[in-house]
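Asker: This is what each chain is made of:
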Amino acid sequence: MNGPHGAHGSHRPRRFPPRWLALAPFLAVAAAPLAAVQGTEQDRRCEACHGEVEFLRQHAANLTAAEGLRVTELDLRGSAHGEEGCQECHSGFARWPHPSDATTLGCVDCHEEATAAWSDGIHAVPPEGDSIAVECVACHGTHRIAEAEALREGPAMREMNDRCLACHEGSPLPVHDPHLDTVPCAGCHAPHATQGVDEPSAGVAPLRQIETCGACHEEAAEAAGRDVHGNALVEQAPGSLALVELGRADAAPTCTTCHGGHGMRGVEDPLTDPELVDRCSRCHEDYADRYYGTYHGKATALGSRIVATCDDCHRAHHVEPASDPASSVHPAQLQETCGECHEASRAAFVEYDSHPDPMDRSRNGPLFYAFVFMNTLLFGVLIVFGLHTLLWWVRIGLDHRKAGTEGHHA
Amino acid sequence: MPDNSTFRAPALTPMDAAQRGEGPFIWRFNLLHRLMHLLAMLTFYVLVLTGIPLRYACAPFAAELMHMWGGVERAGLIHRIAAGVMITYSVLFAIWLVLRFFKVEKKFELLRGYDSMIPNLQDGKDFLAQWRWYVTGRNRPRFGRYGYLEKLDFFGEVWGFIIIGGSGILLWFPEFWGRWLPGWWFNVATVFHGYEALIAAGFIFVVHFFNVHLRPDKFPLDAVMFHGRATRAYMEEEHPALLEEIDGRPGVGESRRPRLDAPAPPPSSRQTLIGATLGFIALGMGVICIGMIVWAVAFC
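Sequences listed follow chains A and B, in order. Under our numbering, the first sequence has 298 at position 298, and the numbering climbs by one with no breaks. Under our numbering, the second sequence has 1266 at position 266, and the numbering climbs by one with no breaks.
Looking at chain B on its own, in the form it has when it is part of the complex:
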């Protein structure tokens, strides 16, 4: 008979990378961050899944996917609705940013400060340091609140929004813009729209997904963007400079963004479940999208 008293269950590694390791939880993303990310995710997938079959109309799955949406015209309508939602939240967010800029006293701090989203010289240094670390295995860059990868994700989306959104609005109302622009603009807009969409999808599915979820040390999922908090061990690994910043002050509450950097309760099992569900659905769809693009490129 086995002696149960000596049996020890191995410590289970949480599936969610943000819940692994030692230490209390710290808030990483507030409700606005998470809401914006969720909206971006949803609209992005609707746009990609309605756009791919049109861009790769020659692919074997295109007709079936279009049929699923209810035909080309219906898919076009859904694409435009999703675009409208994306434009709405993006413009509202931009207005919010501008208002915040005018309201805040330390404008320089907001633009160039340590917490800023704006790329700076340190990001360039970190980028080079990252490649050096790949080669030498030494001096891995120690990211702060936002490393160059987060900034790339954000500004990549801003750039994509301007290029795809601009060309999309041009193609949406050709008769209207045709009053001022010669017709070849629509040829150019088609190329910009389709290629920038491909770059955006490629970046999200190949770079963002790997950096955030599929890296062997984070596999299979990092749900920090869904429930908003992460362990100290996670922060030590991913954003050590930010943790130093928080620790270096007398008490966490005195961080430069005290409400954001406050200690957090561990995510409940329901929050974990919701985070995992959203994350895995998005990951699965991303894999499907990449599969469709590769299939289409090979086929067409």
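One chain only, chain A, in its complex shape:
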């Protein structure tokens, strides 16, 4: 560190402190990231051996083991531990040969909270047919550990999701799912305290969905938690598991009951509407069947996206029974609700039955009589003239036989 003057052998007397030292703070600041990137002298010494797989191969049982030992500063650079040296975790390993009593720090030694959460979760229990639990490194890797912030989006998130999928092979999100590549698995399934989807404490458990989904979808979750579906959910809080048993008359729906879980569709997806009607129909079957008897229902089933579906009239997250004056389908509100599509200038316009049952005379008398009349006409015409046709056929056959085998042409 002679500096340029020393190198030229200048005769000028040296100053102390030298003038360039004034630059030291700036140089230090400029060099700091460089140091972080390049690691310390000690780290470079570690890499001298651990960076060379050919060298490691001589000391490891096989190539796979050797590759497992290979760590370069590139692995650490930019990782969550990029600021730490090798020694932070592998403190006893500085000397070569490595002392036999040298130990490596566990993740728990620094990340107590996360480890505690993990130990309550499903990953702390070895998966069926396996003896080892799903530990930190299974998801986070060993050296290239992404920052917690980076895991929320982008390539690090996708890499983490791929690690989840390495075990949960059957669960990738389909391409149409709006959460694909935008939300980490852990976003819904909790990063460390991950629970089985059937556990009441899981983030995706029926009673916790409002909270979990609401973390991002605040407005929808807040509204849905208070409408008729949300209230039904709260009323049934004890024994929440039964809520997901669809088909139960008293089962209250949660976010995923209507939206689906993996494979849900975005609002703009062309298949959202028919799927929504199908989901509503799992509980409101008779209403859905009768809706499918109307133009709204038929056109929706055939791919029209402009006609009314369930949520257009009943509101997505503000569903209330028609008896509630605040409901969009309360008789006093109908003219406005229908009016969103049909300029309903007369109150009687809303006497249109969106879920008609032509067999129910008390519900809609004229419809019932029209239905009976048209069915009578249909079957009357088809029976009388079907017979007319059939007997004509028979008569021609009889005449034909009478006329002999020659056949009779007029």
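Rather than coming from a laboratory, the hints here were simulated on the basis of the structure. Keep in mind that a hint or two might mislead.
Unchecked claim - Covered stretches of chain B, as calculated for chain A (at least 3 residues, CB under 8 Å): (1) 1050 to 1064; (2) 1215 to 1223.
Stated by the list, open to error - A few chain A residues that face chain B, going by a derived Cβ cut-off under 10 Å, partial list only: (3) G293; (4) G303; (5) V307; (6) E351; (7) Y352; (8) F371; (9) G397.
From a predicted model like this one, the values you see are computed outputs, not experimental measurements. Every residue, glycine too, gets a C-beta built ideally from N, C-alpha and C.
For chain A, the structure is supplied; the task is to place chain B on it using the hints.
Answerer: Chain B alone, transformed into the frame defined by chain A:
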């Protein structure tokens, strides 16, 4: 070596029932009849093929058929265009009928005469006689220019036009009619529209097609409505009373409708080909429609 001189080709039976048998040809339908029938056919098929997938939206073929039309909205537009064409020619025809009624001197003759399309007591008698003929094989009714079957075809269409057209226009502009009519009218109109359409299609495909084309004695096709003429033998079989009427007068030219009942040249091979093509396409589509309806009813 076969002796070709003694070989006789068997007399070929024409495929077209209207060209079978003895005798010169007689005009049966004029250009207006044929044009109206062609228009009715075309618009009817467009309406049926755009309507069936909506009525039977739950059927497995519905989505594919709708896709073929370019989606529900496009099919709806095509349905309305065809309806507009049908309404136009029907109203024009009705106006023409009214004008003719006021122009003609013998108004009673036009309404109740032998040539009239208006149903009368004889049609009732013929209808009963037809059933008696089925059972006994005797006294088959001898139809004139228009038997009860032709009248049924015509008035069935008039009835269908009023019911389907009326309910269709109601459903076409719900906001407009909603100014006067309560909303449940649209529920009722939907039932009328869908069921009457089913009756119309059922009648055309099961009754009209059989009576006109698929009866064993006319199978596979009667193209009289396409080229407009038929042999005397055909008329003797199908409309004997009309033939008597024509023959009973001194010369064919003195029929009550001399221009219509005039002797006709045999249809050219091109006219025969066009008639057969139109007829078979329509028949084939009818069979497909019936198949779709049965499939849908069984599936839904």
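Asker: Next step is simple, just say for each hint if it's right about the structure.
Answerer: Hints, one by one, checked against the model:
no.: 1; hint: 1050 to 1064; verdict: holds (count 7)
no.: 2; hint: 1215 to 1223; verdict: holds (count 3)
no.: 3; hint: G293; verdict: holds (8 Å)
no.: 4; hint: G303; verdict: holds (6 Å)
no.: 5; hint: V307; verdict: holds (8 Å)
no.: 6; hint: E351; verdict: holds (4 Å)
no.: 7; hint: Y352; verdict: holds (3 Å)
no.: 8; hint: F371; verdict: holds (5 Å)
no.: 9; hint: G397; verdict: holds (7 Å)
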